[in-house]
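Let's have the full structure, built from the sequences with the hints guiding it.
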Amino acid sequence: MVTEVNSWSNEKQKEEIKKWPELVEIKKVEEKKTLPPLKNVKKDVMVKTRFAPNPDGPLHMGSAEPIIFCDEYAKMYDGHFILRFEDTSADVKPPIIEMYDKIINDLEWLRVKIDEKYIQSDRLEIYYKYAVELIKKGAAYICICPSELFKSLYMAKKPCPCRNLSPNEQLKRWEDMLNGTYKKGDAVVRIKTNIEHPNPAIRDWPALRISTRSHPRVKRKYRVWPLYNFSCAIDDHLMKVTHIIRGKEHEVNGTRQKWIYDYMNWEYPEIINIGRLGIEAGILSKSKIRAGVENGTFTGWDDPRLGTLCALRKRGIQPETIRDIMIQVGPKPINATLSWGNIAAANKKIVEPKANRYFFVNNPVEIKVTGLPNILTAKLALHPDHPDRGYREYIIKSIKGETNVIVPRKDLEENIGKLARLMGLMNLIIEQEEGKFIAKFNSKEHQVAREKGANFLHWVIPDKSEEAYVVMPDATKSFGRVESLCTKLNVDNIIQFERFGFVRVDSLTPLIYYYAHN
RNA sequence: GCUCCCGUGGUGUAGUCCGGACAAGCAUAUUGGCCUUUCGAGUCAAGGAUCCCGGGUUCAAAUCCCGGCGGGAGCACCA
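Under the numbering used here, the first residue of the first sequence is numbered 1, with each subsequent residue one higher.
Since the hints were made in silico from the structure, they are not lab data. Note that the structure is a prediction, hence the values are computed from the model and not measured.
Computed list of lysine to any residue pairs in SDA-like fashion (alpha-carbon distance at most 20 Å, straight line): (1) K75 <-> K113; (2) K488 <-> T509; (3) K348 <-> I279; (4) K221 <-> L178; (5) K488 <-> A381; (6) K410 <-> N518; (7) K464 <-> G424; (8) K221 <-> E125; (9) K288 <-> G300; (10) K192 <-> N265; (11) K348 <-> D324.
The following label-pair restraints were derived from C-beta to C-beta distances: (12) Y391 <-> V41: 52 to 58 Å; (13) K136 <-> T299: 52 to 58 Å; (14) T377 <-> T299: 41 to 47 Å; (15) K117 <-> N168: 36 to 42 Å; (16) P473 <-> K117: 31 to 37 Å; (17) P384 <-> V41: 44 to 50 Å; (18) I395 <-> T370: 16 to 22 Å.
Using N, Cα and C, we set each Cβ at its ideal position, and we do this for glycine too.
As structure tokens, then:
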């Protein structure tokens, strides 16, 4: 029964179904998936989220997850999205000066609305102020023990000798950190927690240390720098962040930071931990990316092998696609591995209606076709579903019944001795003689080809095509020829090369495209 | 080792908090049919999960409890 119905044409199926209207269910509208509501939203307090990258590398798919959640929630609750550059470790993770703008650029491309922007390296005085306050309260102390010694003490749940010195003594040490009496590595400010806490990572964690390497933005203006947990805790409070969305690798940091909130009598924000996002194809590791770019393994931050946002953008992935995917994954603590197929499918949904169709012949072979009528015409829609967009029209006049066309080598090889159709143009029989391909005209009608089960091939004609290449996901180049009409497109247009795949126009002179997906 | 999180078809996800019409929904991938002058596009359909395992509570468990197994994160003077 099912087989029978399936064998009918769409028209016939529609006709048949009209006879049984009661069987037609109400069409369920595909509802747009949304994020689950935020917990702990207060009536008179503005929801504020923050994205806090270290500008030591470009944004990638992994960063996109918290970005999209922060932005979506900020918009959902009429709140604010805060961008905060966490660039306080010039020694270990040196910021790259051009990344500050590049990150903003990527966020704008993602259509993120940045309501507030801060740079931590501008805020050192603020951190100092709170450091002093905590020291005065006896909530923090300056430890001058060698780190080895301190480690062995805290692993044994024993306080170090510095811990119980008076606040005045601590303040003097603090001055000595600032004025250069202590050298790098000699002294560190620690937050007093529970020295017997079951998790050793919590015990008297370090808050500020001496860092002497020149900072790319503020140079050598400061020598005492906050560590992540300190600056983050202070800033989240001062910036009135209500909801922290972050990777679950930060879980223990929340516990650490709460100690400051308790000392200061501040209310700790709501936390949403999310899992790590991997992608099947595309490198996400910042250190690998940076190394590869610096040593020339990759062509740049946007090398198609990378999982950076700028690489995906170059490959024609749309910002809406990234947003859709993240919302689909959702703010959950599980580690998801996105398959490239999922990304491609989501992108295709967005791009397909927009993408006009053109022919690109890779591995092109020019063949002579014989036995032709005087004139052949082809009228190919730019988009089969939108005839109003126009057509690509070709008129081919044969000379003594012959003309030349260009077809992919693979298609020729696979169709030797068979009837094949050049889409929209004609049917021909491909033959191979002495290693050379030739073809004989057979017929014009589409119907003939369909009835005989011929393969449909795309093609270009020699004097109406141009040399071009497509950069593939593995960074190799696929060389071929495109219709000359393609020279009139614009950079960033997404088009479909029929039977080849969706591509993004990257350059017009020369003609370069980036492969997105099929 | 210690602290913590998670485990639904190949992949991603819904449902898990507040057990019941869930012999488990959706998307993608796969396979097949159809298709207006085009396709690897579109469209229609099919197959595919004993809801990690074992036990318990209950009239009833993917959902609650216990144990096991498996995966992940953190344990830096990084973020």
